[in-house]
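S.K.: Spelled out from the first residue to the last, the chains are:
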Amino acid sequence: AQKITQTQPGMFVQEKEAVTLDCTYDTSDPSYGLFWYKQPSSGEMIFLIYQGSYDQQNATEGRYSLNFQKARKSANLVISASQLGDSAMYFCAMREINTNAGKSTFGDGTTLTVKP
Amino acid sequence: KAGVTQTPRYLIKTRGQQVTLSCSPISGHRSVSWYQQTPGQGLQFLFEYFSETQRNKGNFPGRFSGRQFSNSRSEMNVSTLELGDSALYLCASLEGDRAADTQYFGPGTRLTVL
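Protein sequences, first through last, are from chains S and R.
Just so we're aligned, residue 1 is where the first sequence starts under the working numbering, counting upward by one.
Just so we're aligned, residue 1 is where the second sequence starts under the working numbering, counting upward by one.
In case anyone wonders, no lab produced these hints; they're calculated from the structure.
A couple of the hints might just be wrong.
No farther apart than 20 Å at their CA atoms in a straight line, the calculated lysine to aspartate or glutamate pairs in the EDC-like style are these [said to hold, decoys possible]:
| id | chain 1 | residue 1 | chain 2 | residue 2 |
| --- | --- | --- | --- | --- |
| 1 | R | K1 | S | E44 |
| 2 | R | K57 | S | E61 |
| 3 | S | K70 | S | D86 |
| 4 | S | K16 | S | E44 |
From the structure, some residues in chain R lie toward chain S, with a derived Cβ separation under 8 Å [said to hold, decoys possible]:
| id | residue |
| --- | --- |
| 5 | S31 |
| 6 | G42 |
| 7 | L83 |
From the three backbone atoms N, C-alpha and C, an ideal C-beta is built for every residue, glycine too.
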């Protein structure tokens, strides 16, 4: 069964430093997409970055990069040069393309606090 | 393009009432999914509609239902509200079924059941 695990309920990082948020997943579908979302206190889910199961290179989007290790089934989010505005809840999600293309499975999330 | 919109943003109901939430997807997106978010259960998938047909359904009671119209707008209905239905309800739209297609979320409807 599809499953996403985020083992860090909360993380602290100093402003301007880098931080890694962990995510492991489980699926039997060979074709899947992995996504990271940011949810500030307002509640809206903001898409950050995507990694496909067949992608050979790690995805990057500005200050966000995804450390994809397929054999270990991990997809960690790296935020470089943290800013105060990065304080939010972060969710890792997966879509299985062959079985549940329209459904995302989410982890429990990690609350990131950036300290000045 | 305009993003996903949801109405209303906030709603207060009492137990036993019913409620209808609305979601307008990004133009051109044919898939609309609904999620319930609570502090205790996290983000849970309710159902997905694709081209007016329910394609996927989560593990929720029959009190939760939905539909999608020909213009891809979707509504979600909850009948006989219970206190446990208090949650943030998020709607997401999806262009297609490719791995790279991203679900974009609306701002959510925060439902409080008293």
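S.K.: Work down the list of hints and note, for each, if the structure agrees.
M.R.: Verification of the hints:
no.: 1; hint: R/K1 to S/E44; result: holds, 18 Å
no.: 2; hint: R/K57 to S/E61; result: violated, 32 Å
no.: 3; hint: S/K70 to S/D86; result: violated, 27 Å
no.: 4; hint: S/K16 to S/E44; result: violated, 25 Å
no.: 5; hint: S31; result: holds, 5 Å
no.: 6; hint: G42; result: holds, 5 Å
no.: 7; hint: L83; result: violated, 20 Å
The structure shown violates the earlier hints numbered 2, 3, 4 and 7.
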